[in-house]
Structure formats: C-alpha cells, structure tokens
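Number of protein chains: 2
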Amino acid sequence: MAKRNILLTPGPTPVPPSVLKVLAEPIFHHRTPRYRDVFKQVSEDLKKVFRTKENVYTFTGSGTLAMEASMVNFLSTGDKVLCLEAGKFGERWAEIAKCYNLEIMTVKVPYGETIRPEQVEEALKQNPNVKAVYGTHCETSTGVLLDIQKISNVVSKTKAIFVVDAISGLAADVLEMDGWNIDIVVGGSQKGLMIPPGLSFVAASQKAWQMNKSAKLPRYYLDLAKCEKSLKDWDTPFTPALTLVLALREALKQILNEGMEPLWARSAKLAKKTRGAIKKLGLELFSKAPSNTLTAVKVPAGIDGEKLVSVMRDEKGVTMAGGQGEMKGKVFRIAHMGFITKSDLETGISVLKETLEEFKKASSQKVSV
Amino acid sequence: MAKRNILLTPGPTPVPPSVLKVLAEPIFHHRTPRYRDVFKQVSEDLKKVFRTKENVYTFTGSGTLAMEASMVNFLSTGDKVLCLEAGKFGERWAEIAKCYNLEIMTVKVPYGETIRPEQVEEALKQNPNVKAVYGTHCETSTGVLLDIQKISNVVSKTKAIFVVDAISGLAADVLEMDGWNIDIVVGGSQKGLMIPPGLSFVAASQKAWQMNKSAKLPRYYLDLAKCEKSLKDWDTPFTPALTLVLALREALKQILNEGMEPLWARSAKLAKKTRGAIKKLGLELFSKAPSNTLTAVKVPAGIDGEKLVSVMRDEKGVTMAGGQGEMKGKVFRIAHMGFITKSDLETGISVLKETLEEFKKASSQKVSV
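Line order of the protein sequences matches chains D and A.
Numbering of the first sequence is given in the numbering used here, commencing with residue 1 and proceeding in unit increments.
Numbering of the second sequence is given in the numbering used here, commencing with residue 1 and proceeding in unit increments.
It is possible that part of the hints are untrue.
[As the list claims (entries may be wrong)] Here are the simulated DSS-like pairs of lysine-lysine, each with C-alpha atoms no more than 25 Å apart in a straight line:
(1) D/3 with A/40
(2) D/47 with D/253
(3) A/88 with D/229
(4) D/88 with A/232
(5) D/216 with A/232
In short, the hints are calculated from the structure, not lab data.
My request is simple: use the sequences and hints to build the entire structure.
See below:
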C-alpha cells in the first residue's frame, strides 16, 4: 500500500500536481524571448499578490537572502534600525543588522505574544533618527500575526521605512503593501505561493528607493538597482532558477484565478477550523494573536513534542513542524496555507488525536508497571 | 510535428529525463532524516566531482552568489586581491571586489587569449602582500581555458589563497582541487552537473579556513562558518532549494557512475569533434586556448551574429549562445558538456551550416538586386 504523505509544514508546503508537471518539462535558455515572456507574466502577477503597483524583484535564494537584500540596499554602516521581535524570525532581522554594523534598537515581546503598535510608536518617539523598522507579518516560529496595518500607520508618519518579512504570511494572511503604506515586502516561494523553495522576492516603495540612493552597505548579487535595470528587459542580472520561475507562473495563475480575497477567506476558514479542532482535543493554542497561515499548539504536559512530530511523520505519514530554537519540544505547528486542503487538515488532526492517545496509553502503562 | 529543441548553451544545459522526473515528485520537508540522507549523499558525491577531501558547501543561489561567498568569507576591507581577467567572468571578480572596497590588482589579457602562469608569478612578485588570487577555470564568455594547475603551482608557493571560478568548467574540463593545491573552487548547478540553475557550491581548503578566522567582510546568508556548522548534521543554515538537491543526487549518481576520467575524456572528444567541424565549415575558433566545456566561434564577416543565433533558435530549434557584453554579435558559443550528446552536436553543426548558407544566399541576392 502506498504510504500516506500529508505535508502540513509552514514551508515547504505541498506543490499542486499541475505545478510539479511544469518542473519536469525540458529546460530552455533564459536569455530568450520565450523566457522573457514568462518572467514578465510572473513579475506582473506578483504585483497582484503583493498588492502593489511597484516592481517585485525575484532573487534565486532563500527568504533570508531577500531579508538581507532589504537591509543592504537601503542602509549604511552605523544607521539606526528598529527590529520588532516576536519570535525567531523577528530576531533574524537583528542578527543580519549586527553583521552589517548597524545600530540596533528592539521592541521585544515574549514568544506567543504580538507586538502592539503603541510599543513601536513609543520606540520611534524615543529614537527619532531610526532609518528603518523591520517587522514580521506572520511569525512562523510562534504562529503569531503582527498588526502590520496599524504598525505601518505609525511608521509611515516618520522618516523611517517599514520593512515587512511576509515570507510565510504572503498569500495566506491579508497583506496590502500599497494600501497599508508598507515600504518593503519580502516574500518566499515555498509557502502560500505553492512552489518549491529556491526563489525569494523584494518589493520596494518610492520612499525606499529614495533611501537606496545614499545606501552604502556593500552588495553585489543582492544589488536591487541591478535587478531594476534588468527588469526593464524582463530579465534578471544573474541566471535565475528558471524552472522555479516557470512553476511560479503556473502557481500564480491558480492563485489569481481564485483571487486574493477568496484565497484569504479560505485560509481564514481553514485556520478557524484548525483552532477549533485543536481546542476540541483539549490542547492549547500557543499564539495569543493567531495567524491564518499556521497554528502553533502547546505540547501537552508529559508528552515528548519532538517524538510526537516524528511518530506522526515517520509512522503515520503526516508531517507537522516541531518547535524551533528555544521552542523545541514545546510547540508543534500546523500550516493551513497554499495547496493544503480541508481534507489534509482533517486527516492531520485525526492522526494527531490518535497519536496523542497512543502516547497517553503508553505512558499510563509505564506508570502502572 | 513536434518542434526540435536542442540546447547547446553553456548553461543551462539539457537536463536528463531521469533527473526531470525527480523534479516532479511530491515535495517533503527538509528538516527530516529523509532529506538529511539525500543531502549527505550529495555532499559526499560533490567531493568526488570537486576532487577534494574538503567539504563542499551548497548554496541556494546563482553561481555569482558563490563567487561573492568566496570573497566575503576570507577577506577584510582594504585587503589586496589579484584578479585574473580573460573575459567577462574574470572581470566579475574585480566587480565584486570593488563593492567590498578591496584593493584590486589585475592580470588582463585580450579576449580569446589565456593567462600565462608567468604573468601571475610576476604580479605576485611585485605585490607580495596579495591575500587572494581570483581566477577562472573555463572562461565561458570566450571559451578559453586557463592553465589552473600551473597558476596554482605559482600561487600555492605564496601566502595568498587561489580561488577558482569553475562554474562552467566543472565536470567538463579536468580540474583537481586537492591535486593542484587550489584553495577554493566555486561551482554551479546548470552546467556539467546537468540540473537546472538554482544551486551553487563552494569548497575551501584548510589554508582558506585559516584566513576565514580573521576575515571581517560582512556576511549573513553567505556565511560559510554557518554552512560548516549545519553540514555536521547534513543540513543547511537556511531552507535549501530541495527539489534541486534531489535532482542533483540523481545527476551525481550518473556522473560518478560514468567516472570523472571517462567524463573528461568524453567532453574532450566532443570538443575536438566540434572544433574540427567548425574549421571544416571555414569558420574560425575565437579561443587561442580552447576549453573542452564550450567552443567559441568568430562570427564570419558580413553575417549578423545575433540574427544567426536567433534564426537557429526560433526557426530551427537549435539554441547556441551569442556573445556577451563587448563580444555581442562577434562570437557565438556551442557547449559540449553534461548531457549534450554527439548527436545533438551533429544536428547543431548541420543547422549552423544550413543557416550560414541561407544567410550568404540572401546577402548575395541582395547584392545582385
């Protein structure tokens, strides 16, 4: 019997069969009209997902690469930045900033909590010379959603640019780049965009491009001005991961065919159902401001969280994500974005229930021995 | 009738059907024993292709990203570097070095010529404080091969490290990282390794790792020390382009099944046949030190080189590469590496012959009107 294989991780997410099919097509050269047509379509369609009239630049690289691009293209050594830290990915901003000798201020909340816009307002009041605020849309490590609209409302009144890591939340939780006055949105390929990992994206506002003019941090591969120049010919400065770009065209077609509003509504519905099912199992949500991208669940007392995840994956064919860093063994995470279906989630929850019962039974037997 | 589609460009090169098949398999998560097994196999097999006992680090990104990695991990601002320039890709080293405020010395030869080891020896004698020498194995823009063994013999006697861009030449022209005392070899996925673009590689010697300890250039995504730490668990610091890694496992299996010596011999044979056929057509080779990776051919007088390439591609289904930068319209290039077969090359040459005759006929008709 073929083994069940249900992927419920917050990246990579399942790739639709129609997209997989594209990946297996014979390769062709990228400096050709044929590829430029594809890349034009992809670049135009990405704008509709990012909800912006600005260009979206495609990098071959992981999401972290695009995060780094959104620092080095806009700042100079010693510039002051404000990093919003609600989890592992928020903390990554300060890690990158440290490498480039930026002056780092942080607004930090305990894992599981979200950042209040007033905290950002207060920090900016105390540090009027902050050049850029770095935040996270959906914090993948905790399942927390930040109120990007309200935070952007605070930042956009200052000279600072607001940069949002939307790697996991893009095309899952609502995000309006232009409507909310966000200056830079960073995206990744293996989440709501439903293709394998390998591409990442940066879109930048005119306010950000103004800062780019005086930004002195070193960059070559990550130079956005080169990307902008190449994009005029629907090209990239360096050889792109072109099979992934072809796959992305197909995935974007499906996404835009559904439409962003219905897609967001679908994610919201699946997220609500998942949270409901989790509570029904007597489990506790980890996030106090849960996203529609993924649900983080507290590992119940007496259960080995890492083992729970590996048993479900290796013995029952359902892959959820464990906790990262300090949260290892304390949470597990269930994604409900992209191509993940209601049926996938129902199977996942039922396998979770079954496995927890087995764990409890085994532990009570151990006690009674 | 299905259109012929023969790809003879020096990257991307054709991907074998067995490798394409892997790309279409359902995706799974990368932080799992299943992926670690794959990445272990790939990392071990890459050593055999790089001909080194050192670790080979895999980046998600284009070859240029790995070139940048081989600067930022080993140098500090103001360090003196010697860049060997025999074409567009040799020049890229100095372009990257300039971004990072390194002091740049160059050894430069006219396009089509190779760099003599004595030139490197002389430059290093005059600049004993050079920290690193950056060269190119096969210069893809001109089809020139550098005598890496002899140049390495010169550099290895000094304190400088020798860094070789082998992006196009790896698994096509002979290269012995350890045997020739090369400190850093940079590779790419879409050439001799026969998979789509999106991965790049860096292998580093112990001499290079010594320099890494004091290297101050900023790096986050490109930090090789992070790669080394992750590799101990057969992992990467950031989400890898995992479908490409899976494809690479299959491609490496085929490469090592053939063996490096037979593979090099096959490339040499195809290159020799191609050069012979080109001369037989009355055309002139551009390179005075031709590689076995690709053959660069001078566009004959009176022929529009760009049009020649586009007619062959769009009307006859044979894609060769045109000239890059200053060489646009002056050369065209035929690859004979990886999965490119004798039959592909024979068809390519025959289409070239036919197209050149058509061009000449059209031009003589124009004259007679």
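### Query
Taken at face value, is the distance from the CA of residue 253 of chain D to the CA of residue 47 of chain D at most 25 Å?
13 Å, holds
Given the proposed pairing of residue 216 of chain D with residue 232 of chain A, does the C-alpha separation stay at or below 25 Å?
Measuring from Cα to Cα gives roughly 35 Å; hence the hint is violated.
Exercise. Measure nothing beyond the straight line between the CA atoms of residue 3 of chain D and residue 40 of chain A; if it is 25 Å or shorter, mark the hint as holding.
Key: At roughly 24 Å apart (the allowed maximum being 25 Å), residue 40 of chain A and residue 3 of chain D satisfy the hint.
query: Going straight from one Cα to the other, do residue 88 of chain A and residue 229 of chain D come out at no more than 25 Å?
result: Between residue 88 of chain A and residue 229 of chain D the Cα gap is close to 19 Å, so the pair holds against 25 Å.
**Prompt:** Is the Cα-Cα distance between residue 88 of chain D and residue 232 of chain A 25 Å or less?
**Reply:** Roughly 22 Å separates the two Cα atoms, so the pair holds.
Consistency note: the structure conflicts with earlier hint 5 alone.
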